[in-house]
Structures are given as structure tokens and as C-alpha cells.
Amino acid sequence: MESYANGAKFDCLLFDMDDTLYPLSLGINLACRKNIQDYMLNKLQIEESLVPKMCLDLYKEYGTTMAGLKLMGYDFDYDEFHASVHGKLPYEKLKPDPVLRNLLLSMPQRKIIFTNSDEAHAATVLEKMGLEGCFEGIICFETLNQKNSGDKRVLCKPSLESMEAVVEIAKLDPKKTVFFDDSPRNIASGKAAGFHTVIVSSHSPCVNPHTTGVHVRN
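For this note's numbering, add 12 to where a residue sits in the sequence shown, where the first one is 1.
Just to be clear, a hint being listed does not mean it is correct.
As the list claims (entries may be wrong) - Simulated DEER-style distance windows between Cβ atoms:
no. : residue 1 : residue 2 : range
1   : Lys46     : Ala204    : 31 to 39 angstroms
2   : Gly149    : Leu62     : 36 to 44 angstroms
3   : Glu180    : Asn41     : 23 to 31 angstroms
4   : Asp91     : Glu173    : 18 to 26 angstroms
5   : Arg197    : Gly39     : 18 to 26 angstroms
6   : Leu56     : Lys183    : 33 to 41 angstroms
7   : Gly85     : Ser37     : 31 to 39 angstroms
8   : Arg165    : Pro110    : 36 to 44 angstroms
9   : Gln158    : Leu42     : 26 to 34 angstroms
10  : Gly142    : Leu53     : 31 to 39 angstroms
11  : Lys46     : Glu139    : 19 to 27 angstroms
12  : Ser61     : Val111    : 44 to 52 angstroms
13  : Pro120    : Ser61     : 48 to 56 angstroms
14  : Pro108    : Lys65     : 32 to 40 angstroms
Please keep in mind that the hints were generated in silico from the structure rather than gathered at the bench. From the three backbone atoms N, C-alpha and C, an ideal C-beta is built for every residue, glycine too.
Using the sequences provided together with the hints, build the complete structure.
Following this line, the structure appears as C-alpha cells:
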């Protein structure tokens with residue numbers, strides 16, 4: 013990632029958060045999926061045998077399971093959903109990452125988080141990792157989905173519309189922006205929006221063993 017700090021042609025670094033700033037191996041993703049399935053079963057009363065496949069299929073089709081559930085007509089409160097799904101996550105697995113913090117602070121470019129998660133979850137992750145103050149802003153669920161819009165569609169990655177919304181909200185020049193994400197689908201949409209892109213992985217053979225986050229896979 014250091015090479016981008018020295019690239020004069022880039023003026024913004026746009027980061028996904030979950031499984032990008034910290035490794036997938038921590039298991040936060042799996043815990044989140046379990047909590048979503050529990051919500052589908054206990055709150056939405058979806059047949060237990062249908063939940064696992066439905067959860068995955070909706071994620072693949074719509075970018076998030078929540079987005080798919082809304083379009084299917086399930087009625088639930090977004091804040092309640094996020095509180096239920098994220099409120100029981102094992103945040104204690106996230107540890108301060110001073111190497112990543114110093115690296116981010118050393119970069120002169122604007123640095124922005126772009127996540128499908130809600131604001132409270134994003135704030136907790138950054139606080140647990142000791143990354144407060146490293147980013148100019150957080151573009152999250154609430155940023156892209158206004159409560160009183162009346163639109164049942166959830167705007168989220170990997171839609172091209174979400175990428176275009178980020179460009180408008182953050183006043184970005186895509187040609188001067190590098191987008192970091194662990195999802196190939198999101199990266200493909202980022203490319204379509206004109207971003208320079210970097211796919212991130214915790215399985216890269218060139219991972220710095222002293223840094224737990226932002227592992228670049230070429």
C-alpha cells in the first residue's frame with residue numbers, strides 16, 4: 013500500500029472496512045452471517061430449513077442479505093436489524109493496529125471509508141483497531157439510504173449506482189482515486205466507475221507479518 017502514498021497522481025484512497033482493514037480469519041464475517049440468520053429465523057419467522065440458502069442467495073443477488081429481504085417485502089426496521097446483527101459481534105477479537113495507523117497517517121491523500129455496514133458498527137471497528145482520526149469520513153448505510161426516502165431499495169455495494177453516489181457525496185475524481193476492497197464484485201463495480209482498484213486478501217504470500225490489516229493481492 014505504501015506505493016500509493018507516493019503516487020502523485022492519486023488524491024484519495026477509498027477503503028472498504030470489514031475483512032479489508034482487518035483479516036477475514038478473525039471470524040467477524042461468520043459471526044455476522046450467523047446473527048443475520050438468527051434474525052431471519054426469530055424476527056422474520058422464516059422457515060428454518062430455508063434460512064441458510066436464502067441468506068446466501070440474497071447476499072449474492074443484492075449485495076447484502078438485508079437489501080434482498082427488503083425487496084422481497086419483509087417489513088423490519090433498519091436500526092433494529094443492524095443492532096441485532098452487529099450488537100452481538102465478537103468485537104474483542106479486534107485489536108489496535110499501530111502499524112496500520114501510522115501507515116495511514118503518513119499518507120498525504122484523502123482517506124475515506126466506504127462500507128455497507130451501519131455507522132455504529134463502523135465507529136466501533138475503528139475504535140477497537142485504534143484507527144480513529146485516520147479517515148476524513150465514513151460513507152456507510154445511513155449515508156446512502158435516507159430514512160424518509162420512501163424507497164424500499166437498499167443502495168449498497170456492489171451496485172454501480174452506489175459507486176456513483178460515493179463519487180458525488182465525497183466529490184471524488186475517480187481517475188485520481190484508489191479503491192481497496194476484499195470483494196471481487198465490488199472491485200469490478202469500482203473499475204466500472206473509473207476507480208483505480210486494489211483487491212485485498214489476508215492470504216497474500218507477501219503479507220507483512222507485522223501488519224494485521226490491508227493485505228494487497230495483485
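message = Is 32 to 40 angstroms respected by the C-beta to C-beta distance linking Pro108 and Lys65?
response = holds, 38 angstroms
Check your understanding: Holds or violated: 18 to 26 angstroms for the Cβ distance of Asp91 and Glu173?
Key -> holds, 23 angstroms
Does 26 to 34 angstroms hold as the CB distance between Gln158 and Leu42, or does it fail?
-> At roughly 31 angstroms between Cβ atoms, Leu42 and Gln158 fall inside 26 to 34 angstroms, so the hint holds.
Practice task
Using the Cβ atoms, figure out if Gly149 sits within 36 to 44 angstroms of Leu62.
Solution key: holds, 39 angstroms
Is the distance from the Cβ of Gly142 to the Cβ of Leu53 consistent with 31 to 39 angstroms? Since Gly142 and Leu53 have Cβ atoms about 35 angstroms apart, the given range 31 to 39 angstroms holds.
Do the Cβ positions of Ser61 and Val111 conform to the proposed distance bound of 44 to 52 angstroms? Since the Cβ atoms of Ser61 and Val111 sit about 45 angstroms apart, the hinted range of 44 to 52 angstroms holds.
Check your understanding: So the hint says 18 to 26 angstroms: do the beta-carbon atoms of Arg197 and Gly39 match that?
Key -> holds, 22 angstroms
Taking 33 to 41 angstroms as the hint, is the beta-carbon distance of Leu56 and Lys183 inside that range?
Taking Cβ atoms as reference, Leu56 and Lys183 lie about 38 angstroms apart, which means the hint holds.
Note to self: Does the beta carbon distance between Glu180 and Asn41 stay inside 23 to 31 angstroms, or does it fall outside?
What the structure shows: Since the Cβ atoms of Glu180 and Asn41 sit about 29 angstroms apart, the hinted range of 23 to 31 angstroms holds.
| request: For the range 19 to 27 angstroms, tell me whether the beta carbons of Lys46 and Glu139 fit it or not. | output: At roughly 23 angstroms between Cβ atoms, Glu139 and Lys46 fall inside 19 to 27 angstroms, so the hint holds.
Should the hint that Pro120 and Ser61 are 48 to 56 angstroms apart at their CB atoms be regarded as holding?
-> 53 angstroms Cβ-Cβ, so the 48 to 56 angstroms window holds.
Query raised in the report: How does the Cβ-Cβ distance of Lys46 and Ala204 compare with 31 to 39 angstroms: does it lie in that range?
Result: holds, 32 angstroms
Going through the hint list in order, the structure satisfies each hint without exception.
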